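Number of protein chains: 2
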Amino acid sequence: MNDIKFCKTIEQWCVWEVAVNGKKEGNPYVDFNIFGEFVSKSETKKVEGFYDGDGIYRIRFMPSYIEEYQFNIIGSAIDTTYKGAFVVTKAQNGNHGKVKVANQFHFAYEDGTPYYSIGTTCYAWIHQSEKLQSKTLQALSKSPFNKIRFCIFPKHYWFNYKDPIQFPYEGTPVNIENMTPDNFKDYDYSDENQFDCTKFVPEFFRSIEKQLQNLMDMSIEADIIIFHPYDRWRFSYMTPEENDLYLHYIVARFAAYRNVWWSLANEFDLMQNRTIEEWEHYGNTIKNIDPYDHLRSIHNWRTFYDHTKDWITHCSIQRTDYFKPVELSDQWRSQYQKPVVIDELCYEGNIYGDWGNITGEDMVRRFWQSVCRGCYAGHGETFENPEGILWWSHGGDLHGESAPRLEFLLQIMNEIPGHGLKLRTPSKFGTTAILQEDDDEHPSFLLCYFDRTRPMRKPFYIDDETEYQIELIDTWDMTITDMGTGKGKFEVPMPGKTYMAIRLTAKIEK
Amino acid sequence: MNDIKFCKTIEQWCVWEVAVNGKKEGNPYVDFNIFGEFVSKSETKKVEGFYDGDGIYRIRFMPSYIEEYQFNIIGSAIDTTYKGAFVVTKAQNGNHGKVKVANQFHFAYEDGTPYYSIGTTCYAWIHQSEKLQSKTLQALSKSPFNKIRFCIFPKHYWFNYKDPIQFPYEGTPVNIENMTPDNFKDYDYSDENQFDCTKFVPEFFRSIEKQLQNLMDMSIEADIIIFHPYDRWRFSYMTPEENDLYLHYIVARFAAYRNVWWSLANEFDLMQNRTIEEWEHYGNTIKNIDPYDHLRSIHNWRTFYDHTKDWITHCSIQRTDYFKPVELSDQWRSQYQKPVVIDELCYEGNIYGDWGNITGEDMVRRFWQSVCRGCYAGHGETFENPEGILWWSHGGDLHGESAPRLEFLLQIMNEIPGHGLKLRTPSKFGTTAILQEDDDEHPSFLLCYFDRTRPMRKPFYIDDETEYQIELIDTWDMTITDMGTGKGKFEVPMPGKTYMAIRLTAKIEK
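Residue numbers (our numbering), protein chains in the order written: chain P, 3 to 512; chain R, 3 to 512.
Just to be clear, a hint being listed does not mean it is correct.
Which copy is meant is left open, so a pair is good if it fits within one copy or across any two.
[What the hints assert, rightly or not] As a list, the in silico BS3-like pairs of lysine-lysine whose alpha-carbon atoms are at most 27 Å apart:
1) Lys311 <-> Lys92
2) Lys201 <-> Lys137
3) Lys489 <-> Lys25
4) Lys509 <-> Lys164
5) Lys164 <-> Lys491
6) Lys326 <-> Lys499
7) Lys326 <-> Lys430
No lab work stands behind these hints, which were simulated from the structure alone.
Computed from a predicted structure; not experimentally measured.
Okay, chain P solo, but in the shape it has when bound:
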């Protein structure tokens, strides 16, 4: 048993790993396979392993039960079958398992704890220097963000024309001195095989895994963008076979991290070389090969994907209407009958693109509008920066004003006396959320958001029977004021300020 190393004990929903020596002739990424078969009292799973270079193959597994597991390691990469066993221990503080869809339009961790998503976006943070990556983690640790979207492939776009610190495939990029928005078209595309997209660079993927683990330790979900169009290295033009190989490789490496979500693409409709049939194939591939059924979505540019497709667990949406960036979210919820996450609703910042220069007030407003419509939203920051470090692309420090207010919103969400909200119909009091399980006529809880209006008072009438605890919420100054109780027709005095909310909680003996 010299050729196999594995953990004898592992915490539930953590990454169990076994390493074995195997064949390294030819191209092991393509020529050989390896699998792990796992059996406990409650589950049986077969998972794919991966070649990690230097003749080493690894199989990763995320156990869901506090039981003893037996395993076999098999495959063409090895000439024998390895067997073993390990024991799973109870999840510790902060480990609630992976996030899944719950209550149809919402999310919960595996252990039932509601997960209220307050996401952010740092597309290329894993392609930055280690120092900058550490800074990003530090900023995240002080932030409300419990989900982060980022790309596997490096990004070629505004403010981000540098090569990444390393590449996912063997090869050398054609170099251009001082890449600018203007000269990147001079890039030499003549040698389309400058990267060998059948030969992964394990170190590249290890550095991602290190950050998956760091994020996991901070209870932050990793919304991994598998494909994207902002590319000068032709990774968006790989062959179907190369794409399949890539999907198998990242699932084998990453899926055992409980905080993984699969975002099949960012702005899929900008990748005009792909057909819907191809997207369907890749989406279904992920669904079929991921042993843990992690959340899966696909993000649009101008045209929504058909989010009713079976492989899609929730809608990941970029706003397409400039003036109703999130105000249509409840309609999307009704249309697709799935959770809605508006992952891109413009970024807080001051760059010249109008998708990247909204105020902190507007960012917070968009979150509240989404949340009160029973949906979720995503943050990002694009402030001009003398060092060229923009959160939305590189990570680094947070500069905006929205993050503390989003933390306050998260607190409000966590205090909901149920699991998830929906828009009341008719809304009646600003944008009115009630509990997912409430009925519109006699809700037990109302969260009324008044957005940019600024009434001096608001009259309420819900029904004659229910007595409500009334709280006035200043969503910007982050205060909650007890306003006593109300029953039947009552009026709530307000300060005539924008961005206020009123929370009404039925005083019912439960």
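Add chain R to chain P, keeping to what the hints say.
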């Protein structure tokens, strides 16, 4: 000639009047008629006169030419024909004639001076005490507003449950002590004839005329609302014959005031007792009997009227989309191919109805969005007030922050080097207006409004040939900063603030 009094000389586009004694038996409002026939070198007009009580009939006429006019007074109200002549003198300072549609989507005075509408609304100001009416005029005199919307009939609505100081018809209203939003339904409707809607009260109309004259002297257009649904006195339920009588009476009395616009209804679709056929009849009646073809419109609640109708000179619109209150205005312009005035886009204030609690910033923003889409907008104020005086209903004082900024906007509009704007397609730089006569590719003038975005700089590229004078406009702080010139690709540094605009004026020898 004892029985006839008239002006021997009159300024062009002012109110010439003749008074004659006539029959007063029976109901002179119904039983007799009277007309004036006017002939000058350039025009021939027959206009209807009206009974003004006490046996006196009046005919009013607005002459359009600096010529000598001959007139005959005829009709069943008198047993003879009166003849006479008068001389028209040149229009003096501030008198540019009536406003008409010009350049298809815009307005100009009779003498060709562009009229850029910055309207406001005080629905019931003429029903308030004389003291309050004077206060309103004083506030208007210090304001940018060059149009005011108001109702002829008294108004029964939120914050306005008092009887008017006088009524348009003979009769006495049923009194209710302390009218409230709740008890008004106790109003006694059993006697539907409490007012005799065939017998006008001349004093009521004289008081309106006094204000028409005052407004005219201040160069403010009077957008007179003929019908409206906010009624407890049954004026909205008059018979078709009574309505026709009313239309003839107000046209005979008011049409000679050059600043009159006819707003056939406010929220016509709330008057559910009326059919479209009836509205068409009333609209066409006004068109047919008004000798001067004053501007005519009809204002909606939830459903737009078909503004393509021939009798409608321009679209008077209440926003129906909460999140795109004015951002659809260029679409309405295209749809109806007429000038668009968004007369109701919510009011600056702090009352509990969300149509009446937007901020000054939002009011100004909505104006700029409208203007940069080649349209016009209307202001109003609804601030809670200890004395119960709200500008939008009663007039009084202005309390908001938008008025000075609208004055600044009016200055910007008056500086346009052409007549009227249109939205550039594609807009490219925020919401980009160009001159109505410009072409999208090579505009000679651009007004780029950045609304709630806040870029630190904005790159421009219009064409290679044109050199533009660049000015940075702070629409809230009301500053205009010279930023030099630009040609081809150029970038304008900006302060990273919301509500900025950039004005580009081609440096062309004309």
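A quick look at each hint next to the structure:
1. Lys311 <-> Lys92: Answer is neither; intra-copy 35 Å and inter-copy 75 Å both fail.
2. Lys201 <-> Lys137: neither (31 Å within a copy, 82 Å between copies)
3. Lys489 <-> Lys25: neither (74 Å within a copy, 64 Å between copies)
4. Lys509 <-> Lys164: The answer is neither: 58 Å in one copy and 40 Å across copies each exceed 27 Å.
5. Lys164 <-> Lys491: Classified as between: cross-chain Cα gap 24 Å, same-chain 62 Å, threshold 27 Å.
6. Lys326 <-> Lys499: both (22 Å within a copy, 22 Å between copies)
7. Lys326 <-> Lys430: both (19 Å within a copy, 19 Å between copies)
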